[in-house]
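full-length UniProt numbering applies: residue 1 is where the sequence shown begins, and numbers increase by one.
Certain hints may be false.
[As the list claims (entries may be wrong)] In silico DSS-like pairs for lysine-lysine, Cα to Cα no more than 30 Å straight-line:
(1) Lys145 - Lys20
(2) Lys148 - Lys123
(3) Lys73 - Lys49
(4) Lys137 - Lys148
(5) Lys73 - Lys137
(6) Lys148 - Lys20
(7) Lys58 - Lys145
FYI, nobody ran anything at the bench for these hints, they're computed from the structure.
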Amino acid sequence: MSFETVVEQYRPLIFYIIRKLHIRRHVDEYVQIGLIALWEAYERYDETKGSFCTFAFKMIRWRIVSQLRKETKHEYVPLLDDYVLKENVDFLSDMFIQDALSYLSPREQIWLVRHVIEGKTFKQIAAEEGVTVNAVKQWRMSAVKKLKPYVNCAADPCSNTRHRHRAVLRRENV
């Protein structure tokens, strides 16, 4: 079987792996990486050791994951919740921030101020507070959970449900 035939047959597998890994940017680059891995699988395949499909799948997936690790090794990827909070905090007044802080515990307030407003990393906050990075992540999860309805409401100033969100938040904090 020629390599061109293999490419035609296994190109959908490359796209399947890319979709499963939730790759949205630079898809063409990852397709190329997948094709190179397919070529290597084609060259190295030993019929006595199993099916080519399984071997190719593992080679392609391993190569793409390896490239993802290289690219994200030193890159901070903000979570969607962090992005939503940062975008909305930029547009809100000090009064809103004080109001939002009133819904949070002291540790959640530390996370909001130091991470979202000051831009510090989880590791820096953990070192300053003498806790683990996982503890700071828990503060973030808890704060985001409490503030998500509040931020969504505040982002839409025309909403007539603003008072309902505040009432819900107050009930949760009781």
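### Task
Would you mind confirming whether the straight-line C-alpha gap from lysine 73 to lysine 137 stays at or under 30 Å?
holds (19 Å)
### Query
Do the alpha carbons of lysine 148 and lysine 20 lie within 30 Å of each other, as the hint requires?
Given that 30 Å is the threshold and the Cα spacing comes to 28 Å, the pair holds.
### Query
Does lysine 148 lie within 30 Å of lysine 137 when you go C-alpha to C-alpha?
holds (16 Å)
### Query
Under the criterion that the straight-line Cα-Cα distance not exceed 30 Å, is the pair lysine 145, lysine 20 satisfied?
Within the cut-off at roughly 27 Å; holds.
### Query
Given the hinted pair lysine 73 and lysine 49, is their alpha-carbon gap at most 30 Å?
violated (33 Å)
#### Entry: Satisfaction of hint between lysine 123 and lysine 148, Cα-Cα up to 30 Å
Measuring from Cα to Cα gives roughly 24 Å; hence the hint holds.
### Task
Assess, step by step, whether the Cα of lysine 58 is no farther than 30 Å from the Cα of lysine 145, and give holds or violated.
Violated - the C-alpha atoms of lysine 145 and lysine 58 are around 38 Å apart, more than 30 Å.
Checked against the numbered hints given earlier, the structure breaks hints 3, 7 and satisfies all the rest.
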